[in-house]
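Position chain B relative to chain A; hints supplied.
For the record, the sequence lines run as chains A and B.
Count along the first sequence from 1, then add 270; that gives the number in my numbering.
Count along the second sequence from 1, then add 267; that gives the number in my numbering.
Hint data in this document are derived by calculation from the structure and do not stem from the laboratory.
Remember, it's a predicted structure, so these values are computed and weren't measured experimentally.
Any given hint could turn out to be false.
[What the hints assert, rightly or not] Residues of chain B clear of chain A, computed beta-carbon distances all greater than 12 Å:
(1) Ile-280
(2) Glu-314
(3) Arg-358
(4) Lys-398
(5) Ile-424
[What the hints assert, rightly or not] DSSO-like mimics (lysine-lysine), calculated; alpha carbons at most 30 Å apart, straight line:
(6) Lys-430/B with Lys-274/A
(7) Lys-418/A with Lys-499/A
(8) Lys-303/A with Lys-338/B
C-beta atoms are modelled at their ideal positions from N, C-alpha and C, and glycine is treated no differently.
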Amino acid sequence: MNVKEYILSGVVESYVLGLATEAEQQEFEALCKQYPEIAQAKLDFELSLEAQLMRDPIALPGVIKERVFQSLDTSASNISYQEIEDSEVPVRRMNVWKWVAAASILLLAGAGYLALTYNDKYQRLQQANTELKNQLDQSNARITELDKTAQTLQNPDLKTATLQGTANAPGSFANVYWDTATKDVWLLINNMPAPVSEKQYQLWALLNGKPIDLGVIEPNIWQEKLLVKMKNVQGAEAFAITLEPQGGSTSPTMEKMYVMGKL
Amino acid sequence: MNAKTTYEEGELISLLKQKDDQAFSYLYDNYGGALYGVVKQIVSDGEISNDVLQEVFVSIWRKIDSYDPSKGRLFTWMLNIARNAAIDKTRSKNYQQSLKQLPITDAELSHPIIRPGYDDFGLKKVIHKLKDEQRMLIDLSYYQGFTHDQIAKALNIPLGTVKTRLRSALTQLRIMLT
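Bound conformation, chain B alone:
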């Protein structure tokens, strides 16, 4: 199915909006691995990650018409779909039953444990180089999907402080990425 090996982003988007099979196949081959990595870092379980990735690509296919390039790149849009789908899955009843959930205040959060195959690639690899507090805030908000409000209550610090600290963590992250 891979007649063409590369597409320019604008061309790829317009082919996807026309529901072109070949362009979609390329999209899967080219971006699937990166999105799968993000899903796995949120969901942990291999079998469930597979289900989520399938849902992600079906969503991309169905929602491509609502994608607005003026708001961000195609990859950013897909990344957010993948992250949301994975977090939604971790909130589902089946998932909660299949894994023993740790409470938010567990001591593990303040002591980074780098699990090989999960935390040693992609964004987490960079995040693990941040200070413990910054890493924890990004983990709670980005990977576990807690709102600033929930984090403030769980850690017993003011909402404004959570926002400021999270933003400075994100700034630090950007510096490390560039």
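Pulled out of the complex, with its shape left as it was, chain A reads as follows:
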């Protein structure tokens, strides 16, 4: 085997950076044991990689270290408590007053330890409480939103069009609800691919073979809202969604149609 060639093949860097497959890793580790030159080349690359990454470290947000230590649940505080108890031993040889004084100090230390522990616990509970409250607020907002959606959907004047994916996106699926009384249009996207950058989906109504623009769909809005209100339309035979440049088009790009369905 040509060791020099092997070292220059890029396999060393691939191994160190974690890009090698399991089989390649095993082979490399075995060869490292066999050929000290390969092990040395690995160490050299590790050192220059380390030097480059250590050159300009990013300033760390202070809270993370605290959070790391908290989640490790270290027993450091228990150790200091143990030390306080151990200091009882030499007290036996002292006279009564010294013993009382020592006991008071011991008590004080114990009380201080408890105060610290409880304060810490209190603060952690308070933090947990705030977090829960925030989660509750978010959940409530979500429920209100869903209630509104349910009310809209219960409207007896509503007609539904089921839009199925075209060859462009076979798994896609959306529903359009059209209010025959108010002419309001609501869109529910069940599943559609996220549009590529610079592109937006646009909803169209089809009436007498002519497309009517019902507005562009803000990217990812269907992840925040179940029902998205679109432009009103006086009548429609079918609905379709196409992918258009940012801001929408005046007429639909037919080959970029993603879903369509009849009312």
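Okay, now just chain B, sitting in the frame of chain A:
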């Protein structure tokens, strides 16, 4: 907590394996910034990077027993933990929803955009000096965690070619680092 300012690597490792708080604190202070930089270059979002860094140090603490110095330096081992954790995060559902994901074939990949605060330090600073094709291969495999197979399919080139080109990119990278 910083009673001691430097450790020799072997000493640091044996203290870490004994779960020494002080050694771990030193580890965080000394290497945290470099690992945070790598995480940020993969994850981009500041708040999520913080979560990942926390996970990384908790993993280091828990897995230190399985670290084998004969396979590589401590830093290399930690770097791989950080990279894997960050890539795992980018695959999670929450992350996908929080950021608009660009498809792998997007034109941006072939035109380097250097984002200040993200790409102008550490390894990326060096990678940006590589040829476009080499930079793209390292970006896809190292920073986005795609397998050689996935890259071959996405770019529509044979698997063997991906491997050869990636290795020559890595060799070039090593030359630039030394």
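Comparing the hints with the structure gives:
Listed as a non-interface residue, Ile-280/B keeps its Cβ farther than 12 Å from every Cβ of chain A; the least gap is roughly 15 Å. Non-interface status of Glu-314/B relative to chain A is broken: a Cβ of that chain comes within 12 Å, the nearest being about 10 Å off. The beta carbon of Arg-358/B is kept farther than 12 Å from every beta carbon of chain A, the shortest such distance being approximately 15 Å. Residue placement check: Lys-398/B keeps its beta carbon more than 12 Å from all beta carbons of chain A (closest about 15 Å).
Distance check on Ile-424/B: its Cβ is at least 17 Å (rounded) from any Cβ of chain A, clearing the 12 Å threshold; non-interface status holds. A hinted pair counts as satisfied when its Cα atoms are at most 30 Å apart, and Lys-430/B with Lys-274/A qualifies at roughly 19 Å. At most 30 Å may separate the alpha-carbon atoms for a hinted pair to count; Lys-418/A and Lys-499/A meet this at roughly 12 Å. Restraint check: the Cα-Cα separation between Lys-303/A and Lys-338/B comes to about 10 Å, which is no more than 30 Å; the hinted pair holds.
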